[in-house]
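Chains as they are written, first to last, in this note's numbering: chain U, 34 to 633; chain H, 53 to 492.
Hints were generated in silico from the structure; no laboratory data involved.
Source: prediction; values computed, not measured.
Every residue, glycine too, gets a C-beta built ideally from N, C-alpha and C.
Any given hint might turn out to be false.
[To be verified] Now the stretches of chain H that chain U is said to cover, found in silico as 3 or more residues with beta-carbon under 8 Å: (1) 207-214; (2) 225-231; (3) 313-327; (4) 374-382; (5) 407-419.
[As the list claims (entries may be wrong)] Quick list of in silico lysine to aspartate or glutamate cross-link-like pairs, EDC-like style, CA-CA up to 20 Å: (6) K403/U x E477/U; (7) K233/U x E206/U; (8) K371/H x D215/U; (9) K35/U x D425/H; (10) K103/H x D88/H; (11) K371/H x D246/U; (12) K233/U x D373/U; (13) K155/U x D105/U; (14) K403/U x D323/U; (15) K69/U x D215/U; (16) K367/H x D457/U; (17) K233/U x D215/U; (18) K155/U x E83/U; (19) K367/H x D242/U; (20) K403/U x E427/U; (21) K217/U x E80/U; (22) K403/U x D437/U; (23) K367/H x E78/U; (24) K367/H x E477/U; (25) K219/U x D311/U; (26) K101/U x E206/U; (27) K35/U x E420/H; (28) K371/H x D358/U; (29) K371/H x E227/U; (30) K101/U x D242/U; (31) K233/U x E273/U; (32) K371/H x E93/H.
[What the hints assert, rightly or not] Now the in silico label distances, taken between C-beta atoms and shown as ranges: (33) E267/H x L256/U: 17 to 27 Å; (34) Y66/U x I277/H: 49 to 59 Å; (35) I314/H x S79/U: 50 to 60 Å; (36) G152/H x S79/U: 35 to 45 Å; (37) I273/H x E83/U: 54 to 64 Å; (38) L256/U x F116/H: 51 to 61 Å; (39) A136/U x A208/H: 29 to 39 Å; (40) L66/H x L49/U: 16 to 26 Å.
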Amino acid sequence: MKLRERQWIIGGIFVLITFIYLGRLVQMQLFAYEWKAYAARLTQESETLEPARGLIRDRNGNILVNNKAGYDIWFTPRKCTAAGGLDTLDLAELIEMTPESLARAFRRAEDYATYRPSRIRKQLTAETYAQISGEIWRFPGIEVRRRSIRTSPLGLASHLIGEFREVDRNDLESNQGYRLGDYKGKSGLELQWESTLRGKQGTRHHIVDIRNDFREPAQAGRLDTLPIPGDDIQLTLDLELQAYGERIMANKRGAIVAIEPATGEVLAMISAPSYGTDLLTGRDRGANYDSLLNHPSKPLFNRTLRATYRPGSIFKMIQGLIAMDRGVLHPSNRIACNRDIIGCHGPHTFDNLEEAIVHSCNPYFHEVMKRMIQDGATGSIFSDAHQNLGTWSESVRNFGLGTDLGGHFPALRSGSVPDTADYDRMYGRKRWAYSTIYSISIGEGELLTTPMHMANLAATLANRGHYITPHAVQGSEGTERIESGIDSQHFHSVIRAMSTVVTANDGTGRKAATPDLTVCGKTGTVQNPNGNHSVFIAFAPADNPQIALSVYVENAGSGGDWAAPIASLMIEKYLHQEVTQNAKEQRILQATYPFPEQPL
Amino acid sequence: MRRTAPISQRIDWLTASFVLALMLIGLFNVASATADASTIEWFDFSGKLGKQLLWVGASLILAFLLLVIEGEFFIRTSIIHYTLNVLLLIAVLVVGKRIGGAKSWFSIGSIGIQPSEFAKTGTSLMLAWILSRNQDRFNQWESLFKAVAIVSLPAALVLLQPDAGTVLVFTGLILVFYREGLSGNVLIAVLCALLITIATILSGASTIQYPGGFESTGAWILWVILISIGIFLWATVPEWTVPRRRKRTRRTVLFSFAATIILSVGLQFGLEEVLRPHQRDRIHVLFGIDVGNPDADYNIRHAKAAISSGGFAGKGFLKGPMTAYGFVPEQETDFIFCTIAEEWGLIGTSATVLFFTLLLLRILTLAERQRSDFTRIYAYAVASILFMHYAINVGMVLGLAPVIGIPLPFISAGGSSLTGFTMLVFILLRLDAERFTVLR
């Protein structure tokens with residue numbers, strides 16, 4: 034080959050390289066989608082725009098739960114290193130962290146991503162932010178982002194409202210569109226009405242620079258969406274009544290549930306002791322939660338829905354009603370107070386139904402239930418009980434006891450109304466008779482109910498035979514009228530008795546007497562080794578009931594002493610807006626747990 | 053064309069216009085790469101763009117001056133030119149400013165001057181001078197030795213800076229040797245040696261785990277493969293030749309094989325035993341090997357992403373976010389091709405690549421139409437140097453070559469490289485313009 038011809042070899046090398054490069058360019062620029070996606074990831078950042086969460090108002094439109102600004106501190110490691118680092122001691126002091134925990138937060142941020150911001154401090158208050166906002170620019174890589182957090186300035190009905198806090202792993206995996214760092218309702222109404230309150234997040238897409246700073250809208254903002262605010266919910270609660278109830282139940286253990294009988298709307302739900310809602314939404318949630326959890330009075334425990342107690346004497350009214358409806362009892366029937374069968378109290382000896390309710394006569398209702406359970410139809414006391422208990426339980430359940438009351442309160446425990454099957458399990462099939470189970474005749478034994486169930490019972494009595502499924506949010510779907518199955522004529526004598534309980538000089542519930550109002554009520558004293566629970570259910574006014582309620586005061590003694598006056602104050606507060614019974618009020622306000630030993 | 057035609061008519065305007073086109077591409081992309089949020093400061097002469105604009109102006113004046121100087125001047129001052137460049141390369145090692153780990157710059161006020169960019173012209177002139185004086189070319193060892201020495205001296209000085217990229221550019225002058233008579237086998241041998249070097253470094257850096265729990269460097273695998281190929285070739289290749297040549301062929305195969313193994317084993321030994329770990333890391337990084345630093349391949353990943361995101365038509369002038377917001381490092385200099393790719397897409401990149409190829413092929417045409425050996429050799433040197441810059445720079449950003457920082461001729465920002473390349477090409481154009489007037 035002549036040397037001159039070597040120009041073709043050399044030119045060939047030039048052209049070959051160019052062809053390789055052109056091929057590579059075609060591949061990279063037209064087909065390398067993973068690199069295009071990588072470029073998009075690097076240069077685009079989407080910003081979530083939080084919708085305003087729906088507010089929670091009471092039945093009169095007063096705001097119970099609101100939103101306020103919280104300020105989170107975010108840290109981007111690369112921005113910091115690019116600017117030559119920062120004074121960590123100084124920063125730790127400014128944002129109220131220990132140098133150690135700040136160092137830990139920095140390490141976590143480094144591990145997550147050097148060019149993405151990580152949150153190192155949550156929910157500084159507006160006041161703190163105002164103090165540090167002038168200084169924060171001194172720290173490269175540190176920025177403050179505003180987020181909306183929940184606040185309930187009144188701190189009322191915390192158990193009902195529930196918690197609003199950061200999502201956890203389960204929420205992230207639930208496919209409901211939650212992302213790390215989002216907040217959601219975790220319990221109570223916040224959880225139950227999450228989809229209504231939540232609204233819809235908006236997104237803004239940005240082009241970012243190498244330090245992840247926003248520079249311009251991506252695609253001129255065509256992909257951006259605005260947040261859609263969540264809807265407000267209006268509760269059936271009356272905030273003034275709720276506030277008053279929480280005030281008088283302070284320093285006690287117990288519960289009050291008040292219901293508007295005509296509608297099933299819950300007017301107040303007080304679980305004592307309570308806590309401020311904001312204790313569990315703020316930055317100190319962890320510490321607050323621990324101290325609440327470990328408090329001996331168990332303030333986190335929602336007694337209105339979760340505490341189960343034996344119904345006690347109050348149950349006797351149900352016994353009487355069922356027996357009358359079955360035709361085995363007439364209100365005029367008198368039964369001897371035979372205290373050999375079962376203990377009793379008071380000077381009575383031979384009561385009719387009304388008197389038996391007023392005196393809470395145990396032998397009377399022992400006999401009443403015996404007529405229903407041990408009717409002699411089969412000739413065997415075992416077969417009788419086995420046959421009859423089922424229908425009896427069914428009748429009791431018609432009053433809502435042992436049921437979920439329509440399911441408007443997911444946290445509600447249904448309690449227990451024992452059934453044939455339950456006793457078969459306990460004693461063996463047909464190995465139990467009325468004599469085995471008679472303690473349920475006076476509301477003891479295996480019966481368990483919650484304050485909500487008992488308030489609902491008060492509403493059922495007030496309505497003379499039916500209740501509307503209780504609910505706390507207006508416009509709740511699926512509220513329905515439930516019949517007790519008892520003819521309304523049978524309620525007259527029972528309600529008359531309830532009125533006598535309050536008005537009679539020797540009535541157990543006379544402390545429930547309220548000026549200018551006819552209150553119908555029934556005391557209950559639930560046996561407890563640490564001091565009996567004081568229980569009272571009531572409704573008022575008698576003819577046109579506006580409020581029905583149950584009051585529980587744990588370990589306080591007899592129902593008439595503490596629960597009855599509390600019921601009276603609540604009724605007066607709701608129906609007259611003003612409490613005039615100052616002495617009664619003072620006595621209740623001054624009472625604190627533990628109550629002095631009461632004579633039985 | 054008449055000998056007496058004015059110089060302006062004798063200049064190869066085609067070459068000049070390719071160069072001008074590349075300079076314009078460069079200016080616009082440097083403008084974009086240095087723009088802050090879409091604001092172009094053309095006339096802020098303290099900024100990178102303003103300086104580049106000044107340098108383009110200076111280069112055009114320089115080009116004009118070079119075109120009016122007699123070609124004979126360049127030829128006769130070749131030795132002076134070369135000597136001056138070598139002295140500057142020595143000086144920079146003494147008084148130079150260390151930037152990015154290499155002592156490559158003289159710092160004069162706000163201007164940095166990189167003597168290695170000018171050394172390419174001096175070396176090319178000197179090489180043309182020596183080779184055109186020796187009629188035997190590469191038939192004698194002496195002339196080969198001289199030629200290699202001329203290139204090696206500045207290359208060695210540049211290696212001391214150290215600036216591996218420019219050294220690599222000097223090795224491209226082997227194309228000149230080849231055109232001037234060096235055996236093609238040498239070209240192939242050098243290519244093979246290069247491949248074996250790369251293969252040894254790459255395989256030597258990997259660790260292979262064998263079943264049974266013991267591990268070794270991947271270089272052993274390479275050696276097993278090389279030995280297998282050697283035995284196979286030794287056994288079969290002589291059969292392909294006529295019988296009387298078989299003995300010689302067998303000897304050649306054996307020699308090549310021995311050289312290959314010595315090179316590979318020696319290199320591996322040197323890397324593992326002689327170099328200190330940080331020096332080895334530096335070589336590994338050069339070849340894109342992960343040395344345990346997550347940011348080591350950061351540049352090239354961002355470069356690839358920027359190129360890819362350009363697509364067919366690009367994002368448009370000043371509209372590439374990776375360029376605008378600092379994702380690509382050194383984007384106005386060594387990585388300027390990324391800006392072209394992101395903002396002008398495949399259209400822009402293929403146009404740029406084609407301009408380079410046409411320029412290179414045009415220079416080959418110029419070379420081959422010379423009656424003067426000096427001009428032809430010089431032209432080949434110019435083509436080789438431009439080719440090496442183009443091939444390494446574009447190959448690097450495309451992820452086909454190791455990350456070696458050398459500028460893209462006429463496009464990358466930087467006064468030394470721009471004026472250096474202008475000198476290189478316009479001296480050639482002046483010499484070419486005189487191709488009818490003189491017989492050298």
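Against the structure, the hints come out as follows:
Given a C-beta distance limit of less than 8 Å, the hint that chain U covers the segment 207-214 of chain H is violated, as 0 residues qualify and 3 are needed. Given a C-beta distance limit of less than 8 Å, the hint that chain U covers the segment 225-231 of chain H holds, as 3 residues qualify and 3 suffice. Figure legend: the segment 313-327 of chain H, annotated as covered by chain U; annotation inconsistent (0 residues with Cβ-Cβ distances under 8 Å, at least 3 required). Check on the segment 374-382 of chain H: 5 of its residues sit with their Cβ under 8 Å from a Cβ of chain U, so the three-residue criterion for coverage holds.
With a threshold of 8 Å between beta carbons, the proposed coverage of the segment 407-419 of chain H by chain U holds, since 6 of its residues qualify and at least three are required. With a CA separation close to 15 Å, the supplied pair K403/U and E477/U stays within the 20 Å bound. A threshold of 20 Å between alpha carbons decides the hint, and for K233/U with E206/U the separation of about 18 Å falls inside it, so the pair holds. Only pairs whose Cα atoms come within 20 Å are accepted, and K371/H paired with D215/U is rejected, the gap being roughly 34 Å.
This hinted pair checks out: K35/U and D425/H have alpha carbons roughly 15 Å apart, not beyond 20 Å. Between the alpha carbons of K103/H and D88/H the distance comes to roughly 16 Å, so the proposed pair stays at or under 20 Å and holds. About 17 Å separates the Cα atoms of K371/H and D246/U, which keeps this hinted pair within 20 Å; it holds. Proposed proximity of K233/U and D373/U is contradicted: the alpha carbons are some 68 Å apart, above 20 Å.
For the hint linking K155/U to D105/U, the alpha-carbon distance of about 5 Å falls within 20 Å, and the restraint holds. The suggested pairing of K403/U with D323/U is violated, with an alpha-carbon distance near 50 Å, which exceeds 20 Å. Straight-line distance between C-alpha atoms of K69/U and D215/U comes to about 29 Å, which puts the hinted pair past the 20 Å bound. For the given pair, K367/H sits about 80 Å from D457/U by alpha-carbon distance, which is inconsistent with the 20 Å threshold.
Between K233/U and D215/U the CA atoms are separated by roughly 12 Å; this keeps the pair inside 20 Å, and the hint holds. With a C-alpha separation of about 16 Å, the suggested pair K155/U and E83/U falls inside the 20 Å cut-off, and the hint holds. Among the hinted pairs, K367/H with D242/U is consistent with the structure: their alpha-carbon atoms are about 16 Å apart, no more than 20 Å. Note on K403/U and E427/U: the hinted pairing holds, with a Cα-Cα distance of about 17 Å set against a maximum of 20 Å.
For the hint linking K217/U to E80/U, the alpha-carbon distance of about 18 Å falls within 20 Å, and the restraint holds. A distance of roughly 28 Å separates the Cα atoms of K403/U and D437/U; the hinted pair therefore is violated under the 20 Å criterion. With a C-alpha separation of about 18 Å, the suggested pairing of K367/H with E78/U holds against the 20 Å cut-off. Annotation: proposed proximity of K367/H to E477/U is violated, straight-line Cα distance about 81 Å (limit 20 Å).
A distance of roughly 14 Å separates the Cα atoms of K219/U and D311/U; the hinted pair therefore holds under the 20 Å criterion. Annotation: proposed proximity of K101/U to E206/U is violated, straight-line Cα distance about 28 Å (limit 20 Å). At most 20 Å may separate the alpha-carbon atoms for a hinted pair to count; K35/U and E420/H meet this at roughly 13 Å. A hinted pair counts as satisfied when its Cα atoms are at most 20 Å apart, and K371/H with D358/U does not qualify at roughly 86 Å.
The straight-line distance between the Cα atoms of K371/H and E227/U is roughly 43 Å, outside the 20 Å bound, and the hint therefore fails. Simply put, K101/U and D242/U have alpha-carbon atoms about 31 Å apart, too far for the 20 Å limit, and the pair is violated. Note on K233/U and E273/U: the hinted pairing is violated, with a Cα-Cα distance of about 32 Å set against a maximum of 20 Å. Between the alpha carbons of K371/H and E93/H the distance comes to roughly 16 Å, so the proposed pair stays at or under 20 Å and holds.
Range check, E267/H to L256/U: about 50 Å between beta-carbon atoms, so the 17 to 27 Å window is missed. Between Y66/U and I277/H the CB atoms are about 35 Å apart, so this pair departs from the stated range of 49 to 59 Å. Range check, I314/H to S79/U: Cβ separation about 58 Å, and the 50 to 60 Å hint holds. Between G152/H and S79/U the CB atoms are about 36 Å apart, so this pair conforms to the stated range of 35 to 45 Å.
Roughly 57 Å separates the CB atoms of I273/H and E83/U, a value that falls within the hinted 54 to 64 Å. Taken as a hint, the range 51 to 61 Å holds for the pair L256/U and F116/H, whose Cβ atoms sit roughly 52 Å apart. Judged by the Cβ atoms, the range 29 to 39 Å given for A136/U and A208/H is violated: they are separated by roughly 49 Å. The hinted range of 16 to 26 Å is satisfied by L66/H and L49/U, whose Cβ atoms lie roughly 23 Å apart.
Consistency note: the structure conflicts with the earlier hints numbered 1, 3, 8, 12, 14, 15, 16, 22, 24, 26, 28, 29, 30, 31, 33, 34 and 39.
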